[in-house]
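The task is simple: from the sequences and hints, build the whole structure.
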Amino acid sequence: MSLNKRYFDMLGAAYEVPSEAGRFDAFLEAAMAYFFAGSESGDLAEDVPRHDGDDEMLETHAERISALVEAASQRESAQSERFHAVLDISARTGQVSGNAAASQLTGQDFPCPLDEVPLDPATLSEIRQVMRAATFQAQDRIILASIETAQARACLALIQRPKDSEDMLQVSLSYVDWSAGLMARLGEAFGLTASETEVLEGYLGNLSQKDIAGQRGRSLETVKGQSKSILRKTGCARMSDVVQLSASIAYLMRQLPERETPPSAEIWETPRHGLSKLSRPGRRELAWYKVGNGNRPVLFLHGYIQGPFFTQAMLHGLAAADIHFIAPSRPGFGYTSPSRSRADFDRTVVEDALALVDHLGIRRISLCIHQGGSSHGFRIARALGDRVGELLVIGGGVPIDESIHIAHMDRQTRFAAMATRHAPSVMKMAMSLGLPVYKRRGTRAFLAAQYARSEGDLATLDDPELMRVQAEGLYHAVEQGAEAWLRDGAAAMADWSVDLDAVTCRQTWLQGADCSIISAHDVADHMAHRPGVEFHVIEKSGTAILHTETALICRHLARLA
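In my numbering, the protein residues as written are -17 to 543.
In case anyone wonders, no lab produced these hints; they're calculated from the structure. Be careful, since some hints might not be right.
[Unchecked claim] What follows is a list of derived Cβ distance ranges for each label pair: (1) Ser479 / Asp97: 54 to 60 Å; (2) Gly463 / Asn188: 48 to 54 Å; (3) Ser(-16) / Lys421: 43 to 49 Å; (4) Ile231 / Lys210: 17 to 23 Å; (5) Ser161 / Leu106: 37 to 43 Å.
[Said to hold, decoys possible] With a straight-line Cα cutoff of 27 Å, these simulated DSSO-like cross-link-like pairs (lysine-lysine) come out: (6) Lys259 / Lys272; (7) Lys215 / Lys192; (8) Lys192 / Lys210; (9) Lys206 / Lys192.
Glycine is no exception: its CB is placed at the ideal position from the N, C-alpha and C atoms.
The following block contains the structure:
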């Protein structure tokens, strides 16, 4: 397939995501095909252009797509607040999304093609006419529609295509889902008892007094008495007026957020326990965590999506080793201010770390380096000079040689590595599309995709504590958006061999045999023969080694000078 065809397939797939989040996986497939042209060897296609910086044309598309994603997110939020049925339809693709009331009315799972929505032919024709219009629709259109399901319903359809809605049109249907939450709020608004609210629900469901009595197991006289009470409390003369009043309120009313706080694994907020901040030049702030209460400090360099958050087993192990971690967040991660530019990211990481060590009055310090923190850890160790003690490297990386390392990575890591190195604009687009999608799908879905090749890592998602600390690492990585990932990824993909070679202190490496980010044996080939390096490949351990091998890690931490 030609480069142009692959490029436009990728771009077309990207434009599909705002109207249908499920298309993100198809976009990733198209992006991988663009880079690798169907090759599973990890070799970059020869015709792919290399960019050291941004691709201006692709950046323009990415900005437009990001705006579409944001608009779609706002529509989804507004849509979910409505008690009446709302359909959002892409004029370009014909894909339809709908809220809970729309699903209740149509019996349809969303998203779906317009043809699958059970509206009558005349209504579908009206909608398609608006979709085909070259310009926005200044005048709203209201038509009588029919829902052609087993229980046919007539309703009014309000068709709108506002000027600022890009390619989307919205169809509001005069059907209200009389949910338990809505009924509770109506009952509260009218001052009804629980029994009276149930009677009102019967009327709203088009039941007769006799039907309501039979459904509730009450006498007809009881229902009549409660009906009179409803009329008195609402100030209406007839029950049909109460029904109209209830419907009017429902169309104006918004759903309230749940009173209970959502589970921490879904709020996407970086933890603050143990957090401190250090002022830095240029009005920047360095956020850092103190983890543990031992007397001996160790500088911890966090990974890419595994942040400076630990299990209780690790905290107990640190206490036994008389160690506490000093764990700074890199620029743009968590609550640390971003670097001024991509170009000075690596230097800022080093300067922040040295400033923190000096601020704490530490003369000599050992380092614990985790995964994506590898390049930074060695840059910092080199800058510390004779102030560095020893290194413990957990799931560490080495400077990437495309001819050796790429083929052994899982597909997503391979794509991220090559996009970061050769087409940062593609990586930026993938991140800007992926973050909203995975925030909807949840942290578990993201991590499951990352761990698809490792049964052991997948199993960690079934352990509540292991799931929690890994989710917290993900929040930390995306707290300020996608740019930190780009800058940190570029640091890992740069040639940092000079820094690696310059550090000659004693090093212990613990590498998971099943790690899907980089082959443990590739890392061993690069490091194990070096003087002062003690290298261990840990069988049945993978990407989550920091959380699954705490006893082993803490034994080695205790040995640090």
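Here's how the hints hold up against the structure:
no.	hint	result
1	Ser479 / Asp97: 54 to 60 Å	holds (57 Å)
2	Gly463 / Asn188: 48 to 54 Å	holds (49 Å)
3	Ser(-16) / Lys421: 43 to 49 Å	violated (35 Å)
4	Ile231 / Lys210: 17 to 23 Å	holds (21 Å)
5	Ser161 / Leu106: 37 to 43 Å	violated (27 Å)
6	Lys259 / Lys272	holds (11 Å)
7	Lys215 / Lys192	holds (22 Å)
8	Lys192 / Lys210	holds (15 Å)
9	Lys206 / Lys192	holds (9 Å)
The earlier numbered hints that this structure contradicts are 3 and 5.
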